[in-house]
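> Chains as they are written, first to last, in my numbering: chain A, 1 to 151; chain B, 1001 to 1062.
I should point out that these hints are in silico values taken from the structure, not numbers from a laboratory.
All values reported here derive from a predicted model rather than from experimental measurement.
Result set (EDC-like, lysine to aspartate or glutamate): computed pairs, CA atoms no more than 16 Å apart in a straight line:
1) A:LYS29 with A:GLU50
2) B:LYS1047 with A:GLU79
3) A:LYS27 with B:ASP1039
4) A:LYS137 with A:GLU116
5) A:LYS29 with A:GLU53
6) A:LYS112 with A:ASP145
7) A:LYS26 with B:ASP1039
8) B:LYS1048 with A:GLU79
9) A:LYS146 with A:GLU93
10) B:LYS1042 with A:ASP54
11) A:LYS147 with A:GLU93
12) B:LYS1042 with A:GLU50
13) A:LYS29 with B:ASP1039
14) B:LYS1029 with A:ASP139
15) B:LYS1048 with A:GLU77
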Amino acid sequence: MSRFFVVKTTANQERLVANMMSMVAKKNKANVYSILAPKELKGYVIVEAESTEDLVKSIRGVPHVKGLVRGEVSFNEIEHFLTPRKAAEQIKEGYTVEIISGPFKGELAVVKRVDEARNEITVELIEAVVSIPITVKADHVRVVDKKEEVE
Amino acid sequence: MTEVACKSCKYITSEATVCKICGGRDFTKNWYGYLVIIDPEKSEIAKKLGIRYPGKYALTVS
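Chain A on its own, in the form it takes in the complex:
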């Protein structure tokens, strides 16, 4: 029966740590079955291993590992990372969002329409003199205010 542990890493080095850990685990013959680095979880990786000893074997000498999180997590707690919801499902019309990439990076905008199938949203920039609807990928915005705008 596998158990799930959490390893703390340097931020933005999760993928490197996961690769190195898999190589070290194979070399040291540790019973590590999988390593998960969800994008939502910065600075941590989730390791599926047989026991704590196997986990310790797999992090030996791996750079950017900052430590182990005490205890273990259940499968239910990590299940939602495996089937991530689309970004558009979490955005509703009227929300204020900040655009985080592309030519309008840093601009605030109000959501006018959500296309869940395409994972796109249509927004209008708040600071623009003439409001022009622009369509952006839902992954490229960050929700600032969830209050729906009063007309």
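Chain A is already provided as a structure; the job is to place chain B on it using the hints.
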């Protein structure tokens, strides 16, 4: 060297020719989340996602 993910099975590779796992030819640079499967027979995560071969996988592709 950019890594790309197969659009159908989410396998991550650096050679965007033919997917080693499913034989698909459709790859994308826009993938998120990272999963290394070492032992697909014993891994609960691999069972849940229906992964049968060890390797690197993405969690979402677009």
